[in-house]
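Protein chains in written order, with the working numbering: chain S, 683 to 1448; chain D, 683 to 1448.
For the record, the hints were derived by calculation from the structure and aren't laboratory data.
A couple of the hints might just be wrong.
Repeated chains share a single entry, so a pair holds when one copy, or any two copies, can fit it.
[Stated by the list, open to error] Listed below are the simulated DSS-like cross-link pairs for lysine-lysine, each with C-alpha atoms no more than 30 angstroms apart in a straight line:
(1) Lys1369 - Lys763
(2) Lys1383 - Lys1100
(3) Lys1222 - Lys929
(4) Lys1085 - Lys1214
(5) Lys989 - Lys1181
(6) Lys1222 - Lys955
(7) Lys965 - Lys1222
(8) Lys973 - Lys874
(9) Lys1169 - Lys1181
(10) Lys988 - Lys973
If you're wondering where the values come from, they're calculated on a predicted model, not measured in any experiment.
One letter stands for each residue in the lines below.
There are 2 protein chains.
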Amino acid sequence: MATLSDIGVSAAFNVLTALAFLLAFAFLRLQPINDRVYFPKWYLRGMRDDPITSGAAVQKFVNLDARSYLKFLNWMPAALKMPQDELINHAGLDSVVYLRIYLIGLKIFVPITVLAFAVLVPVNWTNNALEGTTVVHSNIDNLSISNVPYGSKRFIAHMAMAYAITFWTCYVLLKEYQIIAKLRLRFLASEKRRPDQFTVLVRNIPQDPDESISELTEHFFLVNHPDHYLRHQVVYNANKLSDLVEKKKKMQNWLDYYRLKFERNPSERPTTKTGFLGCFGSKVDAIDYYKSEIEKIGKEEAEERKKVMKDPKSVVPAAFVSFRSRWGAAVCAQTQQTSNPTVWLTEWAPEPRDVYWNNLSIPFVSLTVRRLIIAVAFFFLNFFYVIPIAFVQSLANLEGIEKALPFLKPLVELPLIKSFIQGFLPGIALKIFLIVLPMILMFMSKFEGLISHSSLERRSASKYYIFLFFNVFLGSVITGSALEQLKTYIHTSANEIPKIIGMSIPMKATFFITYVMVDGWTGIAGEILRVKPLIFYHIKNFFLVKTEKDREEAMDPGSICFDSCEPRIQLYFLLGLVYAAVTPFLLPFILVFFGFAYVVYRHQIINVYNQQYESGAQFWPSVHGRIITALIISQLLLLGLLSTKGFEESTPVLLVLPVLTFWFFKYCKNRYEPAFVRNPLQEAMRKDTLERAREPNFDLKTYLAGSYLHPVFKASDDDDKYSAVDDDGWMDEEVIVPTKRHSRRTTPAQSKYDGSDGLSSVPEKS
Amino acid sequence: MATLSDIGVSAAFNVLTALAFLLAFAFLRLQPINDRVYFPKWYLRGMRDDPITSGAAVQKFVNLDARSYLKFLNWMPAALKMPQDELINHAGLDSVVYLRIYLIGLKIFVPITVLAFAVLVPVNWTNNALEGTTVVHSNIDNLSISNVPYGSKRFIAHMAMAYAITFWTCYVLLKEYQIIAKLRLRFLASEKRRPDQFTVLVRNIPQDPDESISELTEHFFLVNHPDHYLRHQVVYNANKLSDLVEKKKKMQNWLDYYRLKFERNPSERPTTKTGFLGCFGSKVDAIDYYKSEIEKIGKEEAEERKKVMKDPKSVVPAAFVSFRSRWGAAVCAQTQQTSNPTVWLTEWAPEPRDVYWNNLSIPFVSLTVRRLIIAVAFFFLNFFYVIPIAFVQSLANLEGIEKALPFLKPLVELPLIKSFIQGFLPGIALKIFLIVLPMILMFMSKFEGLISHSSLERRSASKYYIFLFFNVFLGSVITGSALEQLKTYIHTSANEIPKIIGMSIPMKATFFITYVMVDGWTGIAGEILRVKPLIFYHIKNFFLVKTEKDREEAMDPGSICFDSCEPRIQLYFLLGLVYAAVTPFLLPFILVFFGFAYVVYRHQIINVYNQQYESGAQFWPSVHGRIITALIISQLLLLGLLSTKGFEESTPVLLVLPVLTFWFFKYCKNRYEPAFVRNPLQEAMRKDTLERAREPNFDLKTYLAGSYLHPVFKASDDDDKYSAVDDDGWMDEEVIVPTKRHSRRTTPAQSKYDGSDGLSSVPEKS
């Protein structure tokens, strides 16, 4: 049990670390050489030039203006200055609504903290239930519910507090849902013409022996949407082509590297070896070798392009169908086309850059099987992940290694290596697993067959939240792996489970306070420093960058990683709601987290992150749902806790809360969720009418042509030689877009951080 | 514990009773005087005339043809003869699919019974676990799983059986879903033009200060569905009017009665008293009195009609909007109209005769509140209904009465009355409750705000199923009221509950065998006798019938009462699936039920029932879902049972089954349910195109005018004096249809059995 002074020490340590990070950040961001690491967003928007263009040579790299160092925290007010509407224009609605999650944290917890300190702390403090006992306790426990004696009438205060928390939280959530729904509608209404407004994604087009998929699609929509159908694009399986483009890109990078080397040192022509990793094989002239390689691949690529276009087998049963009006697209997206609900599945097309191309061709039955497999797999991942890790850990100790690989024995017996293995290896398996976890979850979501990056991130986020809830929250509260918990849940009666967990809640307060400080305070301060992008940028800048364009590609702005960051915020909501009525002392720590994180992420969103897609805050319903979940969990745990405190009369009174909260959830779902899922006809009609009046002769067909082109074709715009898009003839009806999963394992990491050659990141530059 | 001979006696008794019912039916149905009781369907379809028209006087009433009595069971093959397609034409798809539920029972349980008797019975029989024990057991238990000793490897046979049952049931269900979906689609495709194909029900039309609801509706749809909107009908609150019409109808009945009395006995003019129930007040000439009363009410009614039409306040915010094509209606029904999902709610309009008018005007927020209230109320009804009944029972004993009403003491002390009170009264409260229960559930569903009779019946059915499951099935198995069970569920761990229930399952086999015989065999035989309609018909026939039309109204064909009958069938599915692997001896009894009930209901559907609406088998998904539920329950109970039998190895093997079954359920839901819920555009377009080619000049607007008229206006077609429909001028835009709940308490009973003056039953006669 940590005492108040322990927590003070921990707080001081974390505050100092955070301050150190902030100071480092303040220093580094002022150096012109790091400008593209800390302000990439402005470069991408074309609103900032390299500082290199002016001033003395040394000032290109180091900032010598002493005054600027004095105001090292001035980024904070700067980050808060930009008004919301401007921020939406600057970074998109997704980012703005993501920031609102932190704001909601403040909105919910500031009044609750005040109320809890005004009411609950005195109620808890003026008891002495803990003094006489032999139970180990800290001074913090004097502020918590543990200090109230068994069967005391004072628990009425905690019950009333639970009611106040519930109503306040629901009120804030309701208001917020209203605001965000309005923001989304205004955002959608104010948007300029976009291809996805007119386009519907059609999947599972049935096979027809007489017609090609393209003909069939055209006939079907001409018959069933005669007044609205405009054009369609079939989706091609351009698997191999995509690989070739990527390979060429890599070769180009090497070529650039060697050319730069040669320029810097013209006396010696660089050489390389043709074998594995350039270490084996015969020695050749590097520049010539890569030039010829690129030419070879370029030819292959051109051939593959032709083949994909001509071979009817490379067409997958999916198409993007565009309509003459938004109304027509809204109708098609929301209706069922045929009596067989497994074919001609229509849905609103995601933004072109949001499409996850690899999943477009999965048939219906396969989708349901995949969902079952992932559900079972996730269950095992969640509850049984400790088993393989324990196994690896058992191998990764000294005896394990000596047994498995006896020839290493003399090596591992060395004192340094021995202590490394003993102190570090057992923990590393778990650490690696936890780092890799978001990728595993993203892989699972991809396997499930979702067709847009935004939906993939949402699905992964909910999986991650479940994992965090069982393995971090419950795992810390009742101290056991999820597997052990599972046994408890099965063997314990329904009313015992909240009791068991509820009883442990007050005792874990100090642990979670430390957790909030380490993960919430120091972690957030680390986020702003961007160590990894900083290092990578400078490596790339040194070895590869020749032109302005190269430098742009070397930047790694990153993006809000909704799939792993949002569930972590949810953990703070959960902690706050659970401890609000139990140990209010935890609340200020959470408040600091929300406030600090809000400022930091606002800064990052303004200056750094570059979103890969814009979903118009489609993730909001799931954020809302998870806060409601946390609220219900907190109510059930308080119920369990109070029933062990000799205050069973509270049970029926408290049981009302989850019922009401759940009803509130259902109400919000019915009332507001459709605004995030469906496309109202009235809005579509309004925009159509306006646009028709403004631009009566607009050529929509030409505008839409090529909009749902796979990035692999758009990327090739750069090198004119191999361009497939210069000939507009075939694009009107048949546009090549590749599909079928081919790089699932690597895409998650790429599409997130690698802005230079990922599948999804190319369109926003063209 | 009942022995084999006990069951034999019970079976003999039930078979004899059933045979007696069948004999009585065979005799009664041959009497011409009962012809309208046993063959009303044919009269309603105009395919049968009264036997009165020909033959000798006595033959009008009694069948003297001796030979016809010899073939007293020939209705059975006759009932089976009609082919399915003809039956769909004759009675509608709802009835045919309802019959298929019994057929599925046979399809599932015939092979399972054969398999169970071939495999499980020998496996169980050749043990002697029960012989040495002191446990009370019957010879039936020798055939059951109880006879297999603890920890025996023979339980593998039961596990294999569970797999076989699961796969066979799922296979049958899948095939059946396919067949029924196909039937439904063919039925919908072959249907003639019907108003509801073109019409969408719009609810929650927002208030507008400048426009009336009618104008607003027209403008909204002219703007947002410009090419498809045809016309609309606003819904009026004709609450009072409906009451007046009903009152007049009652008066007319009395007038008819007294006129008939006067005709039969012309010497004496009948008199009545004007006061309460005709027993108090001044004596007047009955015929004159009722004539003047009817005239008075008629005038009031005409005034009310005018007032409702003119008063803008009597318009409720709902309307039936019709479109030029099925395609336009299908689009409007499936899409969201505005960005606020609580206004302009559109859904496919139910058939005119299926509309439940009273619920059309409930606003959105009220709907969600009502759902919460009903959910809580149903929870209490399900688990706590024993409390008020126990209270009534405690009052309804001798001491209770003497205490509450001391002046009755001398009366209740009489031996006859005393024994009546002691033997009968305590049970009667429960009996009354169980008889009234379907009405309570229907009232709950109505309060929830559903807008069609078919959806009301479906909702009530699922409530009734839950009630039967907890109070009849589990109540009998673990012998306790649902309230006591609730305590058990809360206080027992998740893996103990299936054990507790599973352990009691084999012991209750004999009880359920008796239950099947009493409720399933004798009950079904009683159904065919139609005692209540028989008596009521003859009473009405004697007192009221003058004309052919009166006689038609005196018939009470009734209908399949889906809300109370279907859950009872489901109970047999549950028993069959649960006992198939435990006590196969129960299966033949269930087979007899399914076979016998199939024949009886087929006969009733052909000759008697007259459906109030046609939903096109929309109830199928819920039937399917409940059979799946029963299957999963049976798997969990077998799992619990085997884990108490020293065969815990079975748990993981058996745990696979519910997961797979649930996945199968999800698959079917995704694959087939849309066919029962949504309206594919292709089908709509196909019918539109066909029809436009066949009848290019069809006047749809005239055809649709007045189709969504409340029955209260249609009924008034009969008496020309007060008809409001003769003037077509106002009908084009404004048609009066009443709304707002006004007779919720009485409607359930009326709309089901009372074909003569209910709200819902009038349209199909006009």
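Results of checking the hints against the structure:
For the identical chains of this complex, Lys1369 and Lys763 are neighbours neither inside a copy (32 angstroms) nor across copies (60 angstroms), given an alpha-carbon limit of 30 angstroms. In this homomeric assembly, Lys1383 and Lys1100 never come within 30 angstroms of each other (Cα to Cα): the closest approach is 69 angstroms inside a single copy and 91 angstroms across copies. With identical chains, the CA atoms of Lys1222 and Lys929 are at most 30 angstroms apart within one copy only, with a shortest distance of 18 angstroms there and 91 angstroms across copies. Taking identical chains as interchangeable, the C-alpha atoms of Lys1085 and Lys1214 are never at most 30 angstroms apart, the minima being 37 angstroms within one chain and 86 angstroms between chains.
In this assembly of identical chains, the alpha carbons of Lys989 and Lys1181 never lie at most 30 angstroms apart, being 66 angstroms within a copy and 63 angstroms across copies at closest. Taking the closest pair of Cα atoms, Lys1222 and Lys955 come within 30 angstroms of each other only inside a single copy of the chain (22 angstroms); across copies the shortest separation is 106 angstroms, beyond that limit. In this homomeric assembly, Lys965 and Lys1222 come within 30 angstroms of each other (Cα to Cα) only inside a single copy, at 25 angstroms, whereas the closest approach across copies is 111 angstroms. In this homomeric assembly, Lys973 and Lys874 never come within 30 angstroms of each other (Cα to Cα): the closest approach is 43 angstroms inside a single copy and 72 angstroms across copies.
For the homomeric pair Lys1169 and Lys1181, the shortest alpha-carbon distances inside one copy (16 angstroms) and between copies (16 angstroms) are both at most 30 angstroms. In this homomeric assembly, Lys988 and Lys973 come within 30 angstroms of each other (Cα to Cα) only inside a single copy, at 23 angstroms, whereas the closest approach across copies is 92 angstroms.
Consistency note: the structure conflicts with the earlier hints numbered 1, 2, 4, 5, 8.
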